[in-house]
Structures are given as C-alpha cells and as structure tokens.
Amino acid sequence: MATHSAAYGAAGAYRANRTARRTKGVLFAGVGLLSVLFGLGTLLALVIDVLRDGLPWLNWQFFNSFDSRFANSAGIKAALYGTVYMLFFTILFSLPLGVLSAIYLEEYASDNHLTRFIQVNIANLAGVPSIIYGLLGLQVFVRWAGLGRSVLAGSLTMALLVLPIIIVASREAIRAVPPSMREASLALGATRWQTVRSHVVPYAFSGILTGNILAASRAIGETAPLITLGALTYVPFVPNSPMDRFTVLPIQIFNWTTRPQQDFHDLAAAGIILLLGVLLTMNSVAIYLRQRLHKRF
Amino acid sequence: MNPIRTAQSKVGDDRTTGPELADQSLPADTSVRENDSALHPPVAPDSQPADLDRLAEAPGTRYHSMQEEDFVVAIENLSLWYGAKQALTDVSLQFPRNRITALIGPSGCGKSTLLRTINRMNDLISGVKVEGAVRLNGTDVNGKNVDAVEVRRRVGMVFQKPNPFPRSIRDNVLYGAKVNGYRGDYNTLIEQSLRQAALWDEVKDDLKKSGLTLSGGQQQRLCIARAIAVAPEVLLMDEPASALDPISTLKIEDLMRDLVKRYTIIVVTHNLQQAARVSDYTGFMLSNETTKGILVEFGPTNAMFTNPRDQRTEDYITGRFG
Numbered sequence: 001m002a003t004h005s006a007a008y009g010a011a012g013a014y015r016a017n018r019t020a021r022r023t024k025g026v027l028f029a030g031v032g033l034l035s036v037l038f039g040l041g042t043l044l045a046l047v048i049d050v051l052r053d054g055l056p057w058l059n060w061q062f063f064n065s066f067d068s069r070f071a072n073s074a075g076i077k078a079a080l081y082g083t084v085y086m087l088f089f090t091i092l093f094s095l096p097l098g099v100l101s102a103i104y105l106e107e108y109a110s111d112n113h114l115t116r117f118i119q120v121n122i123a124n125l126a127g128v129p130s131i132i133y134g135l136l137g138l139q140v141f142v143r144w145a146g147l148g149r150s151v152l153a154g155s156l157t158m159a160l161l162v163l164p165i166i167i168v169a170s171r172e173a174i175r176a177v178p179p180s181m182r183e184a185s186l187a188l189g190a191t192r193w194q195t196v197r198s199h200v201v202p203y204a205f206s207g208i209l210t211g212n213i214l215a216a217s218r219a220i221g222e223t224a225p226l227i228t229l230g231a232l233t234y235v236p237f238v239p240n241s242p243m244d245r246f247t248v249l250p251i252q253i254f255n256w257t258t259r260p261q262q263d264f265h266d267l268a269a270a271g272i273i274l275l276l277g278v279l280l281t282m283n284s285v286a287i288y289l290r291q292r293l294h295k296r297f
Numbered sequence: 001m002n003p004i005r006t007a008q009s010k011v012g013d014d015r016t017t018g019p020e021l022a023d024q025s026l027p028a029d030t031s032v033r034e035n036d037s038a039l040h041p042p043v044a045p046d047s048q049p050a051d052l053d054r055l056a057e058a059p060g061t062r063y064h065s066m067q068e069e070d071f072v073v074a075i076e077n078l079s080l081w082y083g084a085k086q087a088l089t090d091v092s093l094q095f096p097r098n099r100i101t102a103l104i105g106p107s108g109c110g111k112s113t114l115l116r117t118i119n120r121m122n123d124l125i126s127g128v129k130v131e132g133a134v135r136l137n138g139t140d141v142n143g144k145n146v147d148a149v150e151v152r153r154r155v156g157m158v159f160q161k162p163n164p165f166p167r168s169i170r171d172n173v174l175y176g177a178k179v180n181g182y183r184g185d186y187n188t189l190i191e192q193s194l195r196q197a198a199l200w201d202e203v204k205d206d207l208k209k210s211g212l213t214l215s216g217g218q219q220q221r222l223c224i225a226r227a228i229a230v231a232p233e234v235l236l237m238d239e240p241a242s243a244l245d246p247i248s249t250l251k252i253e254d255l256m257r258d259l260v261k262r263y264t265i266i267v268v269t270h271n272l273q274q275a276a277r278v279s280d281y282t283g284f285m286l287s288n289e290t291t292k293g294i295l296v297e298f299g300p301t302n303a304m305f306t307n308p309r310d311q312r313t314e315d316y317i318t319g320r321f322g
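Sequences listed follow chains A and B, in order.
Counting in my numbering, the first sequence runs from 1 upward without gaps.
Counting in my numbering, the second sequence runs from 1 upward without gaps.
Hint data in this document are derived by calculation from the structure and do not stem from the laboratory.
Any given hint could turn out to be false.
[Said to hold, decoys possible] Calculated from the model, a selection of chain B residues having no Cβ within reach of chain A, i.e. all distances over 10 Å: (1) ASN77; (2) TYR82; (3) LYS251; (4) LEU255.
[Unchecked claim] Listed below are several chain B residues computed to face chain A (Cβ distance under 7 Å; list not exhaustive): (5) ARG152; (6) ARG153; (7) MET157; (8) ASN163; (9) VAL179; (10) ASN180; (11) VAL230.
For each residue, glycine too, the CB sits at the ideal point set by N, CA and C.
Let's have the full structure, built from the sequences with the hints guiding it.
What follows is the structure, given as structure tokens:
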C-alpha cells in the first residue's frame, strides 16, 4: 500500500538466493535416495544369497522329512507342523484376551491414574526383550503349571509375548472409529454394549485383524523364548497333542546353521526361504484386508 | 407425537416472561406456514387468541403466548463444569411443546453444552459436574432412577456434521428402533420415518445403498429420519445445517417447520437469520471473562429480534459483536 514505508515490500529487502535454496533441496533428496538404496540393497543381496543357496533344496523331500544327521535326508516337517500348532494355540489365547482388553481400555475404563499406569506399561511390555518372556514361561508354564516343554507351554508364552502388540494395535484401530459414530448410536438410545457391538468393533475390525496378523508373524519369527523354554532342536515326530514336545522353524534353521557341513547351511537357507515366504504371505494378507475392509466415514 | 399433555405446564413463569411480554400475546396466525422464509408480519387481532388445540393443529404459526404454552423440557438453575472449568452458570428456561426454540450466541457461550445436557450426552465426557435440574415432563433426567438410555430414546439428537452409519439407508433408519426393541413392521417404520424427513421420494428405490453415498443434505435428513424412527418427544439439533449448502439448509429448515407439528425442536445455531426464519422462541446465551454460559434473554423470536430487552442481545443480533 502507498502508506507503507519504502523498505517494507521493497525488492531490495529480500535476498532470494534461489540457487542455494534449490541446491539444499536436491541434496536432501539425494541423501534420502542413498539411504533407501543402502537399506534395500543390503536386504536384496541377502535374499539373493539365501535364494541361491536354498532354492535347490526346496523339494517335496525337504517338506516331508524329519531332521536327520544326513543333510540329504533332512527335512523341515517337524518344525513346520510345530510352527503351525504353536501359532494356532497362540492366536487362540492371545486374540480374545488382547481384543477384549483393548475394548475394555478404550470403551469402558475410566480415565484415571490406574488405567493410565496400565496403558503406559502395556506399551512398555511390547518393548521387553523376548528372552525375558522365555524365562517367565519356563517358570510359570513349564514348572509351576506343570505343562512341561510342550506346544501348550510354548503357545502360552508366545501369547504373552504378542499380547501387548495385539492390545496396542487393537486400541489404535478402536480409537480410529470416529466419536461421531458412538454419539450417533448412543443418542438413539443404544446402550454402550450395543454401540460397541454394532459399531465400534465392526468398524475397527480391519485394523484389529491386521494387528493380529502382524502379531502372529512376530510369533512365527521368535526363537529366543522357545529356546529358553526348552523347545527341542531334534524332533523326529509331528506333535499329536498340545502336550507334545515340539520345535519351530527358526529353531530348526538356527540348529542347521550351527552344524559344520556346508549342506546343512544350504538347508538352513531353504528353511529361511520357507519362513520368509510364510511371513510375506501373512503380511500381504494383512495389507489386503486393511485395504479391502477399511471403512470410510 | 400427540397433543395429549403429559406434564403440567408452568403458566406465566415470570423468570422467562417479563411484564412487557405479557401484553404481546398476539393471536395465532392460523394460516399454516409453507415455504416462505421471511418473518410473518403481525396479523391483525381479528380473531380470538388461539387456544391450545388450535395451536397444536397449526404449530407453524409464528406468534405464541408464553402463558399458553405447555412446556416439555424445563431447565432449572443449571450450572455445569468440565472439570474445574465452568461452562454453564445458573441457566433457567423452559422449552414449549411443538415449538422450535433456537439457542443463539457467540462461540463458547455454552449453547451446545446446554443442548447436550437435555439428552445427557455430557455423561460421555469424564469430569462433568452438573448442578440444578433438567426436567423432561417434570422428571429430572439426572435423577437416580432415570436411565440415560431411556432419556436418549425420548430426546433425539441431530448433530452438526451429518453422521450416518456406514451402512445401508435401511439399516441407518432401523438401527435405533432395533436397539430399542421395536416390535412393529420394519418397512412401515422406514417409509414413515423417511417420509417425515422428506427423503422418501429420493431414496425409496435405493434403500440398500450406503447412507454415505448420499449428498450432505440428504445425509442430514437421513440422520433426522433415524432420530425420529425411535419416536422421540424432543429433537435436539446442534447446528444441523452449518455443514450444508444454502439450498440444503432451506430444505432442512422447511423440514423443521414440518416436524414441529409432531415434535418439540430445540436447535442451536450460529446463523441468526436461520433462528429468525425457523424458530418460535429464541434464547440468547453469552460468556464473558468472569461468568461462563449465562442465559441473557429468552422469549418469542419475533419479539427478541424486533425489540430485544437486553442491550447485549441487541448488540449481538445487530452484529456489533460475536
């Protein structure tokens, strides 16, 4: 405006320096790209290495044989069955416990010091090293409860391990349901339970499911707590009941890598391919379900 | 729903009816208001003052006498705190049956808070403390033996932002009826509710379509249909048209004039023209630095907008602040 002083708004008051500003932007993008390439490149190299070693061993015999002293006749059957059994029981325990806890904490618990203390510590539990859960499971389930080194003891330990993850993920999903949906339902004379059952849980379903699948894939990859618990490394049988002893994929892989023969190392690579395949499939299903079932408001 | 009175009206309550209002009791304009959005001019008193039954037959008339009203909701010396922060201070007023009462006032004056005390939506916020009484047909809704669920069934609510469930139109309308154990015919209920909400003709062939596919104005009318499907006595509307375009807004206003024949409507609005166009009574609320949420003035809308008693009301409605 005409009434302003000459310096204000005058061209000379600015140092545009556009070249330097653009250079900074280009530099930043370059550093970002390098970071991406470094991380992905390393991963890619590892995967290629594993594929080269392991692919020739991936055949029916590998899937359908138990472990052996001879690499040629060794297979992953026991570990595969053990993983499936353990995963089944882990989800059986952790899913209802985790989802119900999350619903309670989000929808029912009043906002006081106790619930805030509980909430902070659930987040902390998600960060506790897994071997601690193994020690806990060894004492509580294997010794006190007398379950022995069974599938059941391993599953219960794993359920404790993934419980915080499920609770945190489910709470996030429940919190993402807009408050306007709860208000709309309650304002019509629905009770809190009717609101939770008809709206909150259905709308949060995809998020809860995704959280559970991710928790399950975490459980598949865990080794330390099961080793602590005493899951076996040489299991020439398929568990027939939850009370049987067992082994799982990562333990079998670990066991093979500790043997001196190169063939066993290649077997371990085959096991890694299988484990990676299972994990990637589960995560893809999680992403697909999230996209497919996601509700927009 | 029907003109049978379930509560004794408080006639001539001098807390809300000042002496200068007493002689403003104009006869009812018995011509039912159609779609005109301007204020009716005063009608010459050539007919006898309307009795209650005639008012009930023509609730769209714009001039009413406070003494002749039957009050559904009575707020008595209500104060409310969110934790340590006070939001309402000693508010007393009564909402007449089959009338539209508008609550106006600048942001933060407590009008939405007041609205939400009537169906106890403030219960959902932790740390809310209430003093005084909110009476629905004489019963304190915060009373010991009163269930908030039943209060909310009898006092429906329409929110600022249309919030249909991400379900079919049919399920949206039926939800409230189902959770309240409705035993009648679902299809009849859906048609009646949607017809009352002036939405039936637009959606009758597409009841399976998601409520979210409708336009904003249609969504809001769906929310109104959903609210009236549980047969409430009172409809609370919290700025029901503020998220809508002018045409949809007028449709909602026409709908309100139509609905008020069967329901008592309390509407919070920022839009003064809307309050003037649509309401029979208006309450003006205000907060200042020391006192939060006071009712400055309450009376018939035409009187309030043409001849406000309080200087602050006059300043507000003439646009001098707020």
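Hint by hint, which ones does this structure get wrong, listed from lowest number up?
Violated: none.
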